[in-house]
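K.L.:
Sequence:
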Amino acid sequence: MNKQSLIFLLLNLTGGSAVLGSYAHGLLKNTELRSELWGAVPDHIRPYYTICMFLAAIGYFFFTGYILQYVSFDTTQIFGCYNFTIINLFYAGFLIPSALWIYMTFAMISNPSVLLWIGIRIILFTVGFSSIGLFLAFFFSNFEKSSWLFYAGIAGLIPFSIQTMILDAIVWPYYFPMK
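Residues in the sequence shown are numbered consecutively from 32, following this note's numbering.
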């Protein structure tokens, strides 16, 4: 196992656990504030979030599974000049900030501040741009493209990118104005 594959596995195990753990802990600890996480997102839009979140979560397993099964950690070339390190940076870019989002958002609900709002926006755009970067990396790489899992990974990255870049980084803040 080389360094990049070890980093990838650790990022996914610890980062994924941190995201799920932060959401579970945040929601259990702040039961009275849960509904405020939506801000003023209209009821008719919320089902799209739910569907896209579900598809994004499933998609994560497809594109991560593809990487684990088919991508060479040693010989990968992305965008013509980067090695697998860029994939690890993209994963860190959406896993680490995602683990911080719920705590910062509950803090914003309880004690709003411009600094928290800026931090939340930075987190959301970091996650969004990282997911778009990973999506583009699938196209501009020397990945083996003959497997059905490659195309399932692409299909999974579509709702993942829509969720993180459009719904979370752009739409949600519009409906979650500073108080």
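Incorrect hints may appear among the rest.
Said to hold, decoys possible - Derived Cβ-Cβ restraints for the label pairs, each shown as a range:
id, residue 1, residue 2, range
1, K176, H75, 35 to 43 Å
2, C112, N142, 42 to 50 Å
3, A71, V145, 12 to 20 Å
4, L51, R152, 22 to 30 Å
5, I197, Y54, 18 to 26 Å
6, Q108, G47, 37 to 45 Å
7, L58, P78, 30 to 38 Å
What the hints contain is simulated information worked out from the structure, not anything from laboratory work.
Here the structure is a predicted model, which means the values were calculated and not measured.
Glycine residues also receive a C-beta, built at the ideal position from the N, C-alpha and C atoms.
K.L.:
Give me the numbers of the hints this structure contradicts, sorted from smallest to largest.
P.N.:
6 and 7
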